[in-house]
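Residue numbers (my numbering), protein chains in the order written: chain A, 5 to 137; chain B, 3 to 390.
Mixed in with the good hints, there may be bad ones.
Pulled from the structure, derived: some chain B residues nowhere near chain A, Cβ distances all over 10 Å [claimed, not checked]: (1) Ser21; (2) Ala43; (3) Ile104; (4) His160; (5) Tyr162; (6) Arg185; (7) Asp205; (8) Pro206; (9) Val276.
According to the in silico footprint, chain B covers these stretches of chain A (three or more CB under 8 Å from chain B) [said to hold, decoys possible]: (10) 22-29; (11) 32-40; (12) 55-62.
The following residues of chain B were derived to be distant from chain A, with all beta-carbon distances above 12 Å [as the list claims (entries may be wrong)]: (13) Asp61; (14) Thr62; (15) Glu83; (16) Thr155; (17) Thr192; (18) Val203; (19) Ser229; (20) Thr240; (21) Leu320; (22) Asp321.
Hints in this document: simulated from the structure, not taken from any laboratory. We put the CB at the ideal spot given by N, CA and C, even for glycine.
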Amino acid sequence: MSANMDETVSVGYEAWADALRSDRILGVSCSDCGATYGTPISVCHDCGSRNLESVDLPTEGTLYSVTRVEVPPTGFEGPYHVGIVQVGAARVTARIETDADDAPPEIDDSVVFSGVMETDDGLPAPVFTTETS
Amino acid sequence: MTRASVVGTGMTTFGVHESSLPELFARAALSAYDDAGVDPADIDAFYFGNAMGGQTENDTHLAPTLATEVGLAGVPAQRFEDACATSANAFKNAVQAVEAGIHDTILVGGVERCTPETGKGTGEMTRIFASASHRQYEQPTGLTFPGVFALLTKRHMHEYGTTEEQLAHVAVKNHGNGTHNPRAHFGSETTVEEVLDSPIVADPFHLMDCCPFSDGAAAVVVTSDDSAASFDGPVDVTGVGHATDLVPLGLKPTLHATQAARDAATQAYEQAGVTADEIDFAEVHDCFTGAEVLASEAIGFFEDGQGGPAAEAGRTALDGDRPINPSGGLKAKGHPIGATGVAQIVELTEQLRGEAGDRQLDDPQRGLAHNLGGDAGTTVISIMEART
Ligand SMILES: [Zn+2]
Numbered sequence: 005m006s007a008n009m010d011e012t013v014s015v016g017y018e019a020w021a022d023a024l025r026s027d028r029i030l031g032v033s034c035s036d037c038g039a040t041y042g043t044p045i046s047v048c049h050d051c052g053s054r055n056l057e058s059v060d061l062p063t064e065g066t067l068y069s070v071t072r073v074e075v076p077p078t079g080f081e082g083p084y085h086v087g088i089v090q091v092g093a094a095r096v097t098a099r100i101e102t103d104a105d106d107a108p109p110e111i112d113d114s115v116v117f118s119g120v121m122e123t124d125d126g127l128p129a130p131v132f133t134t135e136t137s
Numbered sequence: 003m004t005r006a007s008v009v010g011t012g013m014t015t016f017g018v019h020e021s022s023l024p025e026l027f028a029r030a031a032l033s034a035y036d037d038a039g040v041d042p043a044d045i046d047a048f049y050f051g052n053a054m055g056g057q058t059e060n061d062t063h064l065a066p067t068l069a070t071e072v073g074l075a076g077v078p079a080q081r082f083e084d085a086c087a088t089s090a091n092a093f094k095n096a097v098q099a100v101e102a103g104i105h106d107t108i109l110v111g112g113v114e115r116c117t118p119e120t121g122k123g124t125g126e127m128t129r130i131f132a133s134a135s136h137r138q139y140e141q142p143t144g145l146t147f148p149g150v151f152a153l154l155t156k157r158h159m160h161e162y163g164t165t166e167e168q169l170a171h172v173a174v175k176n177h178g179n180g181t182h183n184p185r186a187h188f189g190s191e192t193t194v195e196e197v198l199d200s201p202i203v204a205d206p207f208h209l210m211d212c213c214p215f216s217d218g219a220a221a222v223v224v225t226s227d228d229s230a231a232s233f234d235g236p237v238d239v240t241g242v243g244h245a246t247d248l249v250p251l252g253l254k255p256t257l258h259a260t261q262a263a264r265d266a267a268t269q270a271y272e273q274a275g276v277t278a279d280e281i282d283f284a285e286v287h288d289c290f291t292g293a294e295v296l297a298s299e300a301i302g303f304f305e306d307g308q309g310g311p312a313a314e315a316g317r318t319a320l321d322g323d324r325p326i327n328p329s330g331g332l333k334a335k336g337h338p339i340g341a342t343g344v345a346q347i348v349e350l351t352e353q354l355r356g357e358a359g360d361r362q363l364d365d366p367q368r369g370l371a372h373n374l375g376g377d378a379g380t381t382v383i384s385i386m387e388a389r390t
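Model the full assembly from the supplied sequences, consistent with the hints where possible.
Here it is as structure tokens:
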């Protein structure tokens, strides 16, 4: 049993967060049907398999959607951009940054994984930056 | 086929309330008793929704507390939580329970306080609402709920050319409807210019694209098909669909589809044996103007991509061919989270009884309620019909 539990942990949130802090974005891929997910889950949504393996997602992608948050929750200082980034076959939610004099990020813009931010309570989130053309 | 009937409704004004949650809820519950002509002794169970009382007011285990307040101590009482779809889920479970013969007559309701009366300001409430997004994979980015619906809506705008002006028309229409609803949080009209000139909350949403933080309560008495005939003015529940979608947002195959709403609508239409074309009006979950446009397509009132143009053309107005949110919707009526789902059932019942006053539609026979929770992760769709 303990081996199984260890296996689960190896593709779970802790692994995802550790990888993020080492500049890697981990998704999971189903060994049985090949489906890829941008964030770890324990059971494949497409086929029900538990055989999910960590995969490194590409660090370059395009913006699938993006918004500028001007009224932030407690613990954050706005305004800032949050987007959903298409990286290969998967999507991840991330903070989106631009150079100060760049235009605001828009859907279909190319973005590159550029680091990790951390909340006051210690939760990491990926940061992507729009590529200057 | 009738699954259950609503035989009594009650609702507080939505807005700012000083009352405690139990006392606020009691106002809605007691007027539902009176409308149904029942005493607490006639109620067999209590199905109740409150989404965030633990976070906003340090108040949990509310079902027996509220049951005690309204004379129901002793009956089975349970609380439901599904973010903004909280009390629609309580309603669904009550319909199933009377249909299955587990209980005959049930009080269903919801209550929530979200205004600064809770002691919480905008930043703190924004954080509490964001707790309905994924704790690990979304909250750390600073994503807010206006932000969630902004991401859905921005993709819809990208796919179909939906415009900010079209979104503003949703706010204008719902504010107009709200002026005819004495229980609405906002009783004033607005204009497209006023919406577009208001400050950005999360683009494309301006402040006037967003529903307010509200306090309020709503309650209905639900009874079995067999017992309904002994009440005045029963309105029948003929379908209740309930579906979930992948969470977080990044896992949803098509972000702007709001797939749970489509799946729940399919179930509800099938149960009721009708199509979208046979529904005379809908109350949909317009927490943000873009959410109404997406909902109007997901329930099949309009083809995908046509929700924006339809709003702009006035098709969803009280005198349009597809009226949506005659109550003023969340946008104008207000959105006390856990009360919203049952408040939609209250509006359907009043419209189908012909008791909706200045906002009464022209003899509607069938209405639909669309109550969405979280990042479109939960949707409950209910169909109700006038008894002929
Ligand atoms: Zn699979």
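Evaluation of the provided hints:
no.	hint	in the structure
1	Ser21	holds, 26 Å
2	Ala43	holds, 46 Å
3	Ile104	holds, 31 Å
4	His160	violated, 5 Å
5	Tyr162	holds, 13 Å
6	Arg185	holds, 27 Å
7	Asp205	violated, 5 Å
8	Pro206	violated, 8 Å
9	Val276	holds, 31 Å
10	22-29	violated (count 0)
11	32-40	violated (count 0)
12	55-62	violated (count 0)
13	Asp61	holds, 20 Å
14	Thr62	holds, 21 Å
15	Glu83	holds, 20 Å
16	Thr155	violated, 9 Å
17	Thr192	holds, 19 Å
18	Val203	violated, 5 Å
19	Ser229	holds, 42 Å
20	Thr240	holds, 31 Å
21	Leu320	holds, 31 Å
22	Asp321	holds, 34 Å
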